Amino acid sequence: MLHLGLWMLTTGHHVASWRHPSSNPAAILNLDFYREAARIAEAGKFDMVFFEDTLAARERNGHIFGEVSIYSMDPLVSIAALALVTEKIGLASSYSTTYHLPYVLAEKFATIDHLSGGRAAWNLVTSGPAGARNYGLGEHPDRPTRYAMAHDVVAIVKALWDSWADDAFVFDQAKGLYYDPAKVRGIDFKGQWDAVRGPLTTPRPPQGYPVFIQAGQSEWGMDFAASFAEVIFCAMRTLEAGQAFRAQMRAKAEGFGRSPDSLKVMPGYFPVVGATEKEAREKEEYFRQLVHPNIQMGLLSERFNLDLSAYPLDGPFPMDDIMAHLEDRANIGGERSRFLADILPDDTIGSYCQRMIARTYAGHQYMAGDPEQIADHMGQWLREGGSDGFILMPPLVPGELKIFVEQVVPVLQAKGLFRKDYEGSTLRDHFGLARPPRGPSGD
Amino acid sequence: MSVPQLILSVSLNGAGHHPGAWRMPHASRAQALGGAHYRDMARLAERGRFDFALLGYPPRGSALAPPGSAEAIRLDALSLAAALIPVTTSIGLVAAAPATYWEPFNIARAFSGLDNLSKGRAGWCVDAAWRPEDVGNFKRLDDIDPAMLRERTREFLDVAFALWDSWEADALVFDVANAQFTDHTKVHRIDHAGAFFKVEGPLNSPRPPQGRPLIVQTDTSRDGLELAAATADVLIIRPLTMADAVETTGAAKARAVALGRTLTVLADLPVMGLAGELAELMQGWVEAGACDGFNLLPASYPDDLEAFVDTVIPELRRRGLTPDDYGGSTLRENLGLAQPVSRHAVAARG
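Chains as they are written, first to last, in my numbering: chain Y, 973 to 1415; chain A, 134 to 483.
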């Protein structure tokens, strides 16, 4: 059975979705917009709706990236706001272990799990250097250090959620006992990076722990994720890559003494759905044409950290200037060689732009087709071990999400690939994940 | 002769503010953890045209309360306020959140979200207290010297205000023809580097509809009154007597006026007494300059809030002390407060 999540990202995942005639970009400031999307996904029996996080405004060349929809709502505020107006769908949010304290994280996710009746999920992210400038922490911790810190955070939040036994909140009115003190314990965690006394003052979440999501694809990230995460977000371009990654993650999970089935691999999936394949191709082309040259130029300028609008479109690619500026970009890592490999010897800025338009999906699965084709494609990934489901990246919200739910979901259901209705009430129920029992005391 | 308009807030919690409230026959466990209870109480307060509901008030530390106390359970106030947005329409939603172990960027972003999603109904009840029992739970407190707390809190607020100002109100243009979503000349870095915080900005979330969420403070110490006069929109006091209140309120308001600002003062009001007497007392306090209104602390939910809405509110209306309905669309409008304009927009206009 497939698992499906909706990845909410402003007006949609297509970089120019906000220019689509049926898009209402001003609506992204309103809760109605998110409520409608969540309810469509819930009508489609999705496992969850997911909000990502950013810790700094997206900039290019020293100022805000004006050509694309960059609004980034606090994701926890967003999922909390949906808790009382959705019934079944899981509510997932990224939140950084680098810039939020573990006690705060534990209290917030416990609160949302209680308010939603057991539907919260946390995509645990360690934050790259882009956010450091807003948190004044001086030297930004390197990646191994961030993961080591995150290990501590996972241990602390679990211990905090376990500080109340499931039956500690006794509410015995006759005896005047609100909670049973024998069933609430401090955690007295002392690690290399953090120390927390506890206990939490919020009872154990309905799910025991909210569902853990992780998205690291680096070697460190994979080991870290395999040690505790239950849902893995990833970007996979081919079925073979998905199969290899999933097999590796399952093996790593077993290495940590976990059942491989307790870990669900969900690559991103960008669908372009048409009634026929021809219609899907036409839609694809229509979206392509929404990418105004200024948007493409903005993306390139962001990528190369150089304002390319100062150069003529039909002129040569300014390789010398680009090389000089790439050196300045601290966090570009392995991306640099990929960017450079994309540039062909005869490229003008214009020809490069044209060719790169199709590649704005950050390496996620991209599929244009009719509902049958998309359902088959998803089914193949599931059957052949490429994934346990997908985190859907609709090009346009709510429009293309609605089309997916109305046209593709019924086909998936008819093929027996996807649930016809929710069988349980918590997100763990939807994923078939066991509710973790309270762990032993740390001392 | 015109009578003063009385401002009303209500502090929402589980069973109520009396220590024994949870043992009342109608109290239930669901009140502690269920969203439905908070939804119903917020709607009830909205029916009574309360200006705002307070979540997480009074702010308290992370020490576990004794087994007989309902204070042993607390929920994240910001998440609660967010959850109430779609189930209410007009009432303000003010959440307590720390200005100590949180980061100004996180606070500014969360309340920008709350204000945007609620279309201008958000407020932040600033919890700037340093409590010894919190030290073992929040590592960030290790960096704070309690002797410097006053200066640090002031800088924390300055940074948050600057971040809300970093987007001018008309920065989002949605210009489809020219592919301009945001006018980047109207989004500004703040480049703050002070004694306690270093924040570049800009915020990654547009300007709140209210310009700035309503700023509520509760510290009535000398330092607290000074901070409130300089930065708060609303100060909540807990006076023992009316004379007490007259003195505190007078001093705080005078200081605000000296700084060219307006400060609204609310007094905590534990609910008891007959409707007519209560209304009389409330009117007396406001007319004596003891406060501008009240923050209701119902002894038990839902009974005491229900009784207040059904009996005291009509009496207050009869006296012309409270309006029948919400006149404005934002919390600031309902309180008759001006909307702050971004410092960058002011600078641009010269």
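It should be emphasised that the hints constitute simulated quantities derived from the structure, not laboratory data. Here the structure is a predicted model, which is why all the values come from computation and not from measurement. Check before you lean on any hint, since a few could be wrong.
Derived DMTMM-like pairs: lysine to aspartate or glutamate, alpha-carbon spacing no greater than 25 Å straight-line [to be verified]:
#, chain 1, residue 1, chain 2, residue 2
1, Y, Lys1255, A, Glu204
2, A, Lys331, A, Glu288
3, Y, Lys1162, A, Asp275
4, Y, Lys1162, A, Asp267
5, Y, Lys1250, Y, Glu1378
6, Y, Lys1155, A, Glu204
7, Y, Lys1387, Y, Glu1031
8, Y, Lys1147, A, Glu204
9, A, Lys331, Y, Asp1233
10, Y, Lys1392, Y, Glu1191
So, going through the hints one by one against the coordinates:
1. Restraint check for Y:Lys1255 and A:Glu204: the C-alpha separation of about 56 Å exceeds 25 Å, so the hint is violated.
2. For the given pair, A:Lys331 sits about 10 Å from A:Glu288 by alpha-carbon distance, which is consistent with the 25 Å threshold.
3. Between the alpha carbons of Y:Lys1162 and A:Asp275 the distance comes to roughly 15 Å, so the proposed pair stays at or under 25 Å and holds.
4. Using a Cα cut-off of 25 Å, the hinted pair Y:Lys1162 and A:Asp267 holds, with the two alpha carbons roughly 16 Å apart.
5. Only pairs whose Cα atoms come within 25 Å are accepted, and Y:Lys1250 paired with Y:Glu1378 is accepted, the gap being roughly 19 Å.
6. Between Y:Lys1155 and A:Glu204 the CA atoms are separated by roughly 17 Å; this keeps the pair inside 25 Å, and the hint holds.
7. A distance of roughly 44 Å separates the Cα atoms of Y:Lys1387 and Y:Glu1031; the hinted pair therefore is violated under the 25 Å criterion.
8. Annotation: proposed proximity of Y:Lys1147 to A:Glu204 holds, straight-line Cα distance about 17 Å (limit 25 Å).
9. Restraint check for A:Lys331 and Y:Asp1233: not satisfied, since their Cα atoms lie roughly 45 Å apart, outside the 25 Å limit.
10. A distance of roughly 37 Å separates the Cα atoms of Y:Lys1392 and Y:Glu1191; the hinted pair therefore is violated under the 25 Å criterion.
Checked against the numbered hints above, the structure breaks hints 1, 7, 9 and 10 and satisfies the rest.
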